[in-house]
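Peer 1: Protein chains in written order, with our numbering: chain A, 1338 to 1499; chain B, 1338 to 1499; chain C, 1338 to 1499; chain D, 1338 to 1499.
Please keep in mind that the hints were generated in silico from the structure rather than gathered at the bench. Please read all numbers here as calculations on a predicted model, not as lab measurements. Hints are supplied without guarantee of correctness; some may be wrong.
Straight-line C-alpha distance at most 27 Å; calculated DSS-like pairs for lysine-lysine [stated by the list, open to error]:
#: 1; chain 1: D; residue 1: Lys1477; chain 2: D; residue 2: Lys1487
#: 2; chain 1: B; residue 1: Lys1428; chain 2: A; residue 2: Lys1387
#: 3; chain 1: B; residue 1: Lys1475; chain 2: B; residue 2: Lys1425
#: 4; chain 1: C; residue 1: Lys1387; chain 2: D; residue 2: Lys1428
#: 5; chain 1: C; residue 1: Lys1387; chain 2: C; residue 2: Lys1425
#: 6; chain 1: C; residue 1: Lys1387; chain 2: C; residue 2: Lys1455
#: 7; chain 1: D; residue 1: Lys1487; chain 2: A; residue 2: Lys1428
#: 8; chain 1: D; residue 1: Lys1475; chain 2: C; residue 2: Lys1477
#: 9; chain 1: B; residue 1: Lys1475; chain 2: A; residue 2: Lys1455
#: 10; chain 1: A; residue 1: Lys1428; chain 2: C; residue 2: Lys1477
#: 11; chain 1: A; residue 1: Lys1428; chain 2: A; residue 2: Lys1455
#: 12; chain 1: D; residue 1: Lys1487; chain 2: C; residue 2: Lys1387
#: 13; chain 1: A; residue 1: Lys1428; chain 2: D; residue 2: Lys1428
#: 14; chain 1: B; residue 1: Lys1387; chain 2: C; residue 2: Lys1477
#: 15; chain 1: B; residue 1: Lys1428; chain 2: C; residue 2: Lys1428
#: 16; chain 1: B; residue 1: Lys1455; chain 2: B; residue 2: Lys1387
#: 17; chain 1: B; residue 1: Lys1477; chain 2: B; residue 2: Lys1387
#: 18; chain 1: A; residue 1: Lys1487; chain 2: C; residue 2: Lys1428
Negatives, chain A to chain C, calculated, CB over 10 Å [what the hints assert, rightly or not]:
#: 19; residue: Pro1371
#: 20; residue: His1372
#: 21; residue: Ser1391
#: 22; residue: Asp1406
#: 23; residue: Pro1426
#: 24; residue: Met1429
In this text, a Cβ means the ideal position worked out from N, Cα and C, and glycines have one as well.
Protein chains: 4
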Amino acid sequence: MPTKNPQLPPNSPIDSPALHTFEHWFEYPIRAQPHDTDYAGVVWHGNYIKWMESARVEYLRSVGIEFADLVALGCDLPVVELSIRYHKPIKMGMAATVKTRMELTGVRMNWDYAIVSKDGEELFVSAKVTLVPVDREKSKIMRQLPAVMKDAFARMLERGKS
Amino acid sequence: MPTKNPQLPPNSPIDSPALHTFEHWFEYPIRAQPHDTDYAGVVWHGNYIKWMESARVEYLRSVGIEFADLVALGCDLPVVELSIRYHKPIKMGMAATVKTRMELTGVRMNWDYAIVSKDGEELFVSAKVTLVPVDREKSKIMRQLPAVMKDAFARMLERGKS
Amino acid sequence: MPTKNPQLPPNSPIDSPALHTFEHWFEYPIRAQPHDTDYAGVVWHGNYIKWMESARVEYLRSVGIEFADLVALGCDLPVVELSIRYHKPIKMGMAATVKTRMELTGVRMNWDYAIVSKDGEELFVSAKVTLVPVDREKSKIMRQLPAVMKDAFARMLERGKS
Amino acid sequence: MPTKNPQLPPNSPIDSPALHTFEHWFEYPIRAQPHDTDYAGVVWHGNYIKWMESARVEYLRSVGIEFADLVALGCDLPVVELSIRYHKPIKMGMAATVKTRMELTGVRMNWDYAIVSKDGEELFVSAKVTLVPVDREKSKIMRQLPAVMKDAFARMLERGKS
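So here's chain A without its partners, still in its complex pose (with noise of 0.2 Å):
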């Protein structure tokens, strides 16, 4: 049996980051549905990838990227890794806010997510995503962000400032 792990994230011990860390965070409302839920009445561990993917192309949009826009001019963003801690799970029924907010370092787009009940008191799950930029026709790495995504990102954390 082997005895080397892949070359992955250490398991680091489960630690909650303070609530008001995510204060000036981009919102995205959900609401967990009977399609999201597995056989224990909560929301299946995978679907949330689904609700972060959704508040990143809204966030996207909010500073005026249109992510099928952006795929139409040849340039995709894949996610290329991606870590998820489960704190607590979402009930059917229940509503809640997806919290997101990015930072870039050269052309990778660190994401962090935090899902937090609607009053903000309660966490339950908390992520990062890392995503690069690539150019579809050559399958590479672009070695700079499109300038429309510079302006944007520029405009992004302005905003993040104020």
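Place chains B, C and D on chain A using the hints.
Peer 2: Then chains B, C and D, alone, in the frame of chain A:
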């Protein structure tokens, strides 16, 4: 704007584990169907989680644990943590293999995953998923695994050695 | 080779209903996100069913029926029959509206659906879904709707008239 | 309130087809995994559509049509119509068989489905799905099937007779 990250696994560089590492892991065959794909013609990043769950359930079945029976007995196995690296996309129509093994740390089940090409030469995805046994009635993490699981895991580890 | 078909609805020619038909129906807004699409860049045909369910649950909520409460009370509402016509695909990034109304035939709830463009000029999907109330403990179809539903449906029909 | 229904298949009484009907149909094995279930512990009604698609793609593969190749050649096969009857739920952990056969009416492919228990004694779901070949570049329904499909369907019908 907040400067502190939630306590999530750090973003380390994406290193591909050596492929021979997975030699003795449990294997679960998959095929990328149209409903697994997204606009890019490749498997949507959240859909790998379904395959990983299926592989886990079939591995458990192969050592005598019927997941639905476990749930009926009052023991649930929620995912508490999950991290994925996307090395290369799986395109529509491609067949692949989910490889997995499990290690116990107390009651925590740590599953390693590698999704590889049929010939074992290409790595598409590597991942880690952590589950804990929960008493469904008390909604509390169990201090010990149910006897049926202990026995099965002993068999599982035995098999890994051979 | 068998020559008799299973007893399913016949394949009649696809006629698009006149668009003014849906004028007073309940409306639920949707947006086609990347995870809703398939390799063709349009919404995968099975994903419309999620939106139709969400619209149904929100319609019930709007007349005072919380679906999760209904289930907790021992009444489930399984789908027993469903038919869909796909008139025109919804592309990634497009916003649209799910329109729906409900009619009772005894305890059978017959829901009509039309998914249309935001301006109401284009019809993407039309559908019918039939649900029945089931006593969860007895696993039997209820002879009567629970009182909470009867009251709510009376309000619903009242609203439809105005 | 509108009184005319959209032109959809009529709601006829749910008759279960005789089980011997499906004897010579193509078979695709399935298993209800946790992610297939909803709060009721049974397969969520929309998830059967994934299995039906997988069965269709594998049937085509078995007669020499690789669906991804077809798409690459410029021919898409969108679903234009779909109807399902839910006779009995499939519970988490249960194995079952998707049975299917196809009949051509001009270029329309009419697929019949029956999802039955492993022993063939219980009928869970019956369904019909209609697809048409579309020229991806022109976005128009093809007047004739591509040669590769005609040949394959001839083989398919040949097999059905034996």
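Peer 1: Far enough from chain C: is every CB of that chain over 10 Å from the CB of Pro1371/A?
Peer 2: 6 Å, violated
Peer 1: Should the label of Asp1406/A as a non-interface residue stand, given a Cβ cut-off of 10 Å to chain C?
Peer 2: Non-interface label fails for Asp1406/A: nearest chain C Cβ at 8 Å, not farther than 10 Å.
Peer 1: Check whether the Cα positions of Lys1428/A and Lys1455/A lie no farther apart than 27 Å.
Peer 2: 13 Å, holds
Peer 1: Hint check: Lys1475/B vs Lys1455/A, CA-CA at most 27 Å. Holds or violated?
Peer 2: 26 Å, holds
Peer 1: Compare the distance between the alpha carbons of Lys1487/A and Lys1428/C with 27 Å, and conclude whether the hinted pair is satisfied.
Peer 2: Since the Cα atoms of Lys1487/A and Lys1428/C sit roughly 26 Å apart, the hinted pair holds (cutoff 27 Å).
Peer 1: Taking only the CA atoms, is the gap from Lys1387/B to Lys1477/C under or equal to 27 Å?
Peer 2: 32 Å, violated
Peer 1: Given the hinted pair Lys1477/B and Lys1387/B, is their alpha-carbon gap at most 27 Å?
Peer 2: 25 Å, holds
Peer 1: If you draw a straight line from the CA of Lys1428/B to the CA of Lys1428/C, is it 27 Å or shorter?
Peer 2: Distance of about 20 Å is within 27 Å: holds.
Peer 1: Between the alpha carbons of Lys1477/D and Lys1487/D, is the straight-line distance 27 Å or under?
Peer 2: 19 Å, holds
Peer 1: So if I understand the rule, the pair passes when the alpha-carbon distance is 27 Å or less; does Lys1455/B with Lys1387/B pass?
Peer 2: Since the Cα atoms of Lys1455/B and Lys1387/B sit roughly 19 Å apart, the hinted pair holds (cutoff 27 Å).
Peer 1: Please verify whether Lys1475/D and Lys1477/C have alpha carbons no more than 27 Å apart.
Peer 2: Violated, at roughly 51 Å.
Peer 1: Verify the proposed pairing of Lys1428/B with Lys1387/A, using a straight-line Cα cut of 27 Å.
Peer 2: Answer holds: Lys1428/B to Lys1387/A is near 20 Å, not above 27 Å.
Violation of the numbered hints given earlier is confined to hints 3, 7, 8, 12, 14, 19, 20, 21, 22, 24; the remaining hints are satisfied by the structure.
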